[in-house]
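Work the whole structure out from these sequences, hints included.
There are 2 protein chains.
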Amino acid sequence: MIELPWEKTGDQPLVLAFGGNALLPDPDDPAAAEQRAVEFAEALLLLLPEHAGLVLVHGNGPQVGSLLLRVEATRDEIAAEPLDVLVAQTQGSIGYLLARALRNSLLAAGREVEVATVVTQVVVDPNDPAMLNPTKPVGPFYSDDKGTALAESQGWDTVEIPGRGIRRVVPSPLPKDVIELHTIADSAGHGHLMVAGGGGGIPVRRDEDGTLHGVEAVIDKDRTAALLAEALDAGGFIILTEVGHASRSFGTPEEEPIYSMTADEADVLLAAGEFPPGSMGPKIESCAQYARALGRPALISSVDALPDALEGRDGTWITP
Amino acid sequence: MIELPWEKTGDQPLVLAFGGNALLPDPDDPAAAEQRAVEFAEALLLLLPEHAGLVLVHGNGPQVGSLLLRVEATRDEIAAEPLDVLVAQTQGSIGYLLARALRNSLLAAGREVEVATVVTQVVVDPNDPAMLNPTKPVGPFYSDDKGTALAESQGWDTVEIPGRGIRRVVPSPLPKDVIELHTIADSAGHGHLMVAGGGGGIPVRRDEDGTLHGVEAVIDKDRTAALLAEALDAGGFIILTEVGHASRSFGTPEEEPIYSMTADEADVLLAAGEFPPGSMGPKIESCAQYARALGRPALISSVDALPDALEGRDGTWITP
Numbered sequence: 138m139i140e141l142p143w144e145k146t147g148d149q150p151l152v153l154a155f156g157g158n159a160l161l162p163d164p165d166d167p168a169a170a171e172q173r174a175v176e177f178a179e180a181l182l183l184l185l186p187e188h189a190g191l192v193l194v195h196g197n198g199p200q201v202g203s204l205l206l207r208v209e210a211t212r213d214e215i216a217a218e219p220l221d222v223l224v225a226q227t228q229g230s231i232g233y234l235l236a237r238a239l240r241n242s243l244l245a246a247g248r249e250v251e252v253a254t255v256v257t258q259v260v261v262d263p264n265d266p267a268m269l270n271p272t273k274p275v276g277p278f279y280s281d282d283k284g285t286a287l288a289e290s291q292g293w294d295t296v297e298i299p300g301r302g303i304r305r306v307v308p309s310p311l312p313k314d315v316i317e318l319h320t321i322a323d324s325a326g327h328g329h330l331m332v333a334g335g336g337g338g339i340p341v342r343r344d345e346d347g348t349l350h351g352v353e354a355v356i357d358k359d360r361t362a363a364l365l366a367e368a369l370d371a372g373g374f375i376i377l378t379e380v381g382h383a384s385r386s387f388g389t390p391e392e393e394p395i396y397s398m399t400a401d402e403a404d405v406l407l408a409a410g411e412f413p414p415g416s417m418g419p420k421i422e423s424c425a426q427y428a429r430a431l432g433r434p435a436l437i438s439s440v441d442a443l444p445d446a447l448e449g450r451d452g453t454w455i456t457p
Numbered sequence: 138m139i140e141l142p143w144e145k146t147g148d149q150p151l152v153l154a155f156g157g158n159a160l161l162p163d164p165d166d167p168a169a170a171e172q173r174a175v176e177f178a179e180a181l182l183l184l185l186p187e188h189a190g191l192v193l194v195h196g197n198g199p200q201v202g203s204l205l206l207r208v209e210a211t212r213d214e215i216a217a218e219p220l221d222v223l224v225a226q227t228q229g230s231i232g233y234l235l236a237r238a239l240r241n242s243l244l245a246a247g248r249e250v251e252v253a254t255v256v257t258q259v260v261v262d263p264n265d266p267a268m269l270n271p272t273k274p275v276g277p278f279y280s281d282d283k284g285t286a287l288a289e290s291q292g293w294d295t296v297e298i299p300g301r302g303i304r305r306v307v308p309s310p311l312p313k314d315v316i317e318l319h320t321i322a323d324s325a326g327h328g329h330l331m332v333a334g335g336g337g338g339i340p341v342r343r344d345e346d347g348t349l350h351g352v353e354a355v356i357d358k359d360r361t362a363a364l365l366a367e368a369l370d371a372g373g374f375i376i377l378t379e380v381g382h383a384s385r386s387f388g389t390p391e392e393e394p395i396y397s398m399t400a401d402e403a404d405v406l407l408a409a410g411e412f413p414p415g416s417m418g419p420k421i422e423s424c425a426q427y428a429r430a431l432g433r434p435a436l437i438s439s440v441d442a443l444p445d446a447l448e449g450r451d452g453t454w455i456t457p
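So the protein sequences, as listed, match chains A and B. Under the numbering used here, the first residue of the first sequence is numbered 138, with each subsequent residue one higher. Under the numbering used here, the first residue of the second sequence is numbered 138, with each subsequent residue one higher.
Hint data in this document are derived by calculation from the structure and do not stem from the laboratory. There's no promise every hint is true.
Pairs involving identical chains hold if they fit within one copy or between any two copies, as the list cannot separate such chains.
To be verified - No more than 20 Å apart at the CA atoms, straight line, and that leaves these computed lysine to any residue pairs for SDA-like:
1. K313 / E251
2. K273 / L447
3. K313 / V341
4. K313 / G328
5. K273 / P434
All values derive from a computational prediction rather than experimental measurement.
Below, the structure is given as structure tokens:
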């Protein structure tokens with residue numbers, strides 16, 4: 138095994154981001170979800186430093202999708218909660234299942250580690266350009282009639298996807314600040330494993346007097362993880378996704394794996410459109426941001442490829 | 138104002154329990170829920186010690202009821218999560234709304250306090266007699282046909298309520314242990330305000346090897362709060378409910394308020410059937426348990442009566 142960057146940084150926590158899709162591929166089968174959480178926990182054992190804490194930032198796409206379907210199906214009987222409240226619900230349920238599975242797997246491996254989930258609010262800027270340009274589809278597809286009616290009655294922005302119907306779109310602003318940072322830092326500093334910032338965090342905006350209000354938006358979980366890593370002075374930053382490494386010319390005959398690149402090289406490839414904005418783009422940007430801010434390398438890989446990535450045979454390392 | 142018991146105990150945290158009904162009287166109106174959270178936060182300012190932390194244990198009855206209604210309405214399209222996962226969802230959403238409202242109200246009053254919600258698992262004993270005798274109704278009323286079919290297909294215990302239909306019943310075992318206690322104790326010890334054990338906690342059972350599994354049950358939140366208060370060596374224990382004080386002969390012409398009683402006096406009245414098992418009974422028992430275990434008085438009152446209770450003009454104090 139190569140020397141990992143966080144073996145040099147002493148007791149600083151690691152920050153790990155991973156997708157709701159990667160973790161829970163089948164939202165219709167909770168038992169499968171639990172099994173995936175167990176597999177993930179086993180991979181995590183490879184990462185968990187002996188004395189430092191670890192902060193996990195999970196996605197929630199499929200789970201919030203299910204909640205939105207249920208809200209729609211019962212809109213006439215039960216008042217619909219705003220999207221920020223639904224994100225909070227997924228932090229509760231995914232956080233519980235993950236924390237339980239992680240604690241169980243760690244214990245089975247002889248590691249008695251405190252594992253806890255913190256419900257996490259993340260501040261966004263109401264003047265973020267993304268707030269005026271909602272692009273992130275959430276919830277079910279509607280027929281033209283129903284979609285148009287809901288857009289009017291609920292004040293939604295929508296997008297029409299030819300052949301499939303109308304979908305609600307919400308903004309995806311940048312994360313600016315983590316409200317529960319003190320609690321997360323405290324606990325990670327004690328060597329605990331914290332599940333935090335789930336789904337990218339519950340979006341809130343802050344008035345001038347400091348008052349917080351919910352915002353109907355979704356935040357990219359990789360960007361929230363990078364913000365947390367920077368704020369915590371994390372010894373390592375890892376994003377686990379569905380592929381073992383990033384690639385140039387992804388999905389073409391010229392596809393070529395990238396095992397290592399500098400943050401500057403990443404910028405050049407990002408500018409050249411090598412990494413799509415909705416998927417690998419924010420991951421590369423988040424890693425480059427961390428590498429530059431803290432002068433330490435960041436890693437992109439998958440649960441399956443992680444053992445190889447930690448031995449230098451897979452994964453994409455992004456260096457300062 | 139009388140000298141409050143926790144003014145003598147230095148920096149030990151307070152534990153406060155309050156009902157999901159008391160807090161959120163209208164589950165169909167999220168805006169009203171937020172307003173009630175603000176009012177509650179204002180009452181809380183009367184309690185929050187200058188240097189000690191506070192742990193809030195909220196109920197979730199109406200909220201978990203709404204989730205169960207939604208799960209039923211979409212059972213054919215979206216796999217139903219078990220009850221423990223739904224409790225976790227309510228910890229996320231109620232915890233978020235409460236933490237946000239509390240932080241806002243405290244800030245408006247010039248107190249910058251860290252407020253955070255911890256998703257909390259609570260261990261129950263699979264051999265608890267309550268596990269064999271499910272008595273707690275959850276979720277919607279069903280027609281006879283549908284209720285019978287669900288009881289068979291889902292393996293549910295049910296109860297028939299004449300004229301209204303069939304309802305699922307689940308066990309309500311005693312709380313034995315709080316999994317995230319370390320995190321809660323740490324944070325409360327730093328003077329923070331923690332929302333924890335919401336809905337009485339997510340019920341889990343622990344195998345001999347320590348592995349945790351979800352349990353489809355509900356735990357009485359007052360009993361979980363008492364367990365937390367004892368484990369945290371809390372300087373004070375307060376239960377806020379819908380009435381300003383407990384009474385003898387409640388609801389009769391002889392009704393007489395109880396402003397103070399010892400734990401032993403409480404036992405006598407409990408044995409005499411003065412406090413119904415489903416409502417005031419567990420509150421009195423929880424307060425008596427705390428008063429005996431820690432040798433400090435506990436208080437039962439309501440949000441509205443709290444100011445008077447703290448001045449000795451209302452509320453029920455239960456003394457060692």
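Worksheet item: Where does the structure disagree with the numbered hints, that is, which hint numbers, in rising order?
Response: Of the numbered hints, 2, 4, 5 do not hold.
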